[in-house]
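Undergrad: Spelled out from the first residue to the last, the chains are:
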Amino acid sequence: MLGEGILKGLTETARNFLGSYVSKDRLTTIQFPEERLPQIEATRDFPFLVYDGTEWEAGLRCVSCQICEKECPPKCIYIEKSKDKKPDATGKLQFYPTTFNIDISVCMSCQICVEVCPFDAIKMNVEFEMSSEDRFGGLLLRKEQLAKSNEYYNKIHPTEATAVDAALAEERAKAEAKARQTTEAKAATPAPMATPEAGETK
Amino acid sequence: MPEMIDQIFVLLKHWLLAYVPAALQPIVSAVLSVVPVLVAFPLLFAITTVLERKGLGRMQNRYGPNRVGPFGILQPMADGIKSLTKEDIIPRTADQVVHFLAPVMLVIASFVVYSVLPIGKNMVLANLNAGVLFFFAVGSMVELSVFMAGWSSRSKYSLLGAMRAIAQMISYEMPLVLASVVVIMAAGSLSTVAIVNMQAGYTGIWPRWYVFTPWGLTGFVIFMIAATAESNRCPFDMPEGESEIIAGYYIEYSGFKFALFFLGEYLGMFATSAMAITLFLGGWAAPFSFLTWIPSYVWFFVKLLIIIMAFIWVRGTLPRLRMDQLMNFAWKFMLPLSIINIVGAGVWHLIPAGFTRWLIDSLLVIVSCVLLSRGIRRGKSFHVRTYRFAS
Amino acid sequence: MTITFLLLAATTITGTAAAMSLKNLVHCVLALTLGLVSLAALYLQLGAQFVGFTQILVYVGAVAILAAFAIMMTRSAEPAVLTGSSSFRVSGALIALVVFAVLGWAVWSGTGALAVLGPEPEAPVNEIGVALMHRFVLPLEIIGLLLTAALIGAGILAMDETRRTK
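These protein sequence lines are chains A, B and C, in that order.
Going by the numbering used here, 97 is the number at position 110 of the first sequence; the sequence numbering is gapless.
In the numbering used here, each residue carries its 1-based index in the second sequence increased by 63.
In the numbering used here, each residue carries its 1-based index in the third sequence increased by 503.
Looking at chain A on its own, in the form it has when it is part of the complex (with noise of 0.2 Å):
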């Protein structure tokens, strides 16, 4: 028979009219800004700049090796090395940035800065709303808005975290483990090992 598809149909449809109404479930929009799925763990968009402690100038895991700067496929982060040394977050002497921008209306999220980074200085972000008024200064950001504590980071991406800090410790113990023994050995050959221990801390 003739349009009994279409009676099919608009039975269908009508369901689906009242049915919204009385039940919520039906109804699989999220209502963004007041309602939000939680992020899943992978989630990235752009780079920030880690910190160790509570002082983000003095707790910046980067070095200024420029690696990331070289790598990064569309050219985006923009690093000027400083002249002098800080100390570190170990209270090592270590080169810093004096700036670090990074332009993410250029950035592609490639995620290549972070895998190249020997530090473990540069993550990931989730944060998406980043609209801004000013086309070209707002969305270049530089040092101070990077900056971002290790317990952020630990809270975005746990999992990552947790593996990065524990390599990092390792590595902390390992290279307290090597200081205590050159001390050793300075105390008991105390000429000879003092320049290429010097050497080391570059």
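You may find that some hints are simply not true.
To be verified - Straight-line alpha carbon distances no greater than 25 Å define the calculated BS3-like cross-link-like pairs of lysine-lysine that follow:
#1 A:Lys57 with A:Lys70
#2 A:Lys135 with A:Lys70
#3 A:Lys(-5) with A:Lys72
#4 A:Lys(-5) with B:Lys117
#5 A:Lys73 with A:Lys57
#6 C:Lys526 with B:Lys219
#7 A:Lys11 with A:Lys57
#8 B:Lys117 with A:Lys11
#9 A:Lys165 with A:Lys73
Since the hints were made in silico from the structure, they are not lab data.
Position chains B and C against the provided structure of chain A, taking the given hints into account.
TA: Frame of chain A, contents of chains B and C only:
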């Protein structure tokens, strides 16, 4: 008192006219009649767009617009401001004059048809002797504006879209007119006011609408299907298939001119719906004799909203038709059925009232409907389509 | 000779003159449509509602569209530019003059009959229907038959070659 409320707009107009000098009265009277129509129907258009989007959303288990204003009811204002502030782009090679005239003509034609639609008792702009004919005559000017829009854009897509749209409109105009012929036969008049008056009586509590006869029902269904096609509504919205066939004849329009096309389309839909109400659903008449105390214009708009709701419902349900399906349906099913329906109406008037003519007329319609639907499907086997070169 | 009549007459003449003289064929069709619409308005002004609306329905709704389609389907996408030679124009003007003379003579000699106008009919649409169904039923049927034959003929012409030979 109900009589008073029913006629309140008419009385208001007469009261206002009394303060106007006699020389100016014809002009002021015309303005006083026309302006409410020019306000009411665009307002209905604004309300319909938001209701349509909300309704369609609910049919697809979504919320629909709910951000602008409470429950999203101010959405049409946001849309209006947006389309007003958008840049009006005219293609460099376009025919400037015709490109400008096309949307203007569409809107004018869409508004002019309202002059013969009785919105309530004694509420019609022009009671023409040939009102129904006027409606279809002015309605056919829409096709010309579609052609102008498609041709003047000087774009092959808009030209193809215009061809598609005009072919569809011409094909469906015939069933549309033929379906209304049965009512003209019954009423013996082409005047819309006379047609409504013929249906205004009651048998017991039941109304004497033409839709409650076999030929009337068939005519109504044919009329509504053809009206859907005429106003480019889904499932006959091939002229404006935005997603697949790039919107057709108004592809080169932007900003306010695009909004005018949108407005014209909706006004056309309201006008054909109002015509269907006038012809088959008793115009402004109440559905039961004990409900006559509710003003006539209220009934008119209630019926109009119900028909609009049906349009939205169908749009939320059916997929778009293909060109050949569209044409086959118009020429092989709708046209013969509407002609048979005219024969049926003639038979109805020849046979004296009683059960016999109900039986004969119903049988005529049902048998021809079944035979025609079988004919349209003959030689077609439904199977999963395979694409020769795709795999 | 009211202002309305003068305006409508001017529009009619402008429209038809533009239809003859414009360079672009589609513009010609649109100008012709303007002429036909104002002609319909003239009918309406004379109180002939049925004729006026039928004029719009048939000429604007169908004939103008068909003409436009015919132009678009037979010409290339480039705007068609007419280049008529002068001899063409002279002969055209001659033919137009002759036709005008014949029509003018017919109207002039017919005015005597029109001088005595009957009372205006109450419902002209009804009377036209009655006249078509009684006095002019034979011409109506003949025209109907002719149009049906034309329709079928057009259908056969448009049919596939393979199906026709089968």
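Undergrad: List in ascending order the numbers of the hints, as given earlier, that are violated by the structure.
TA: 3 and 7
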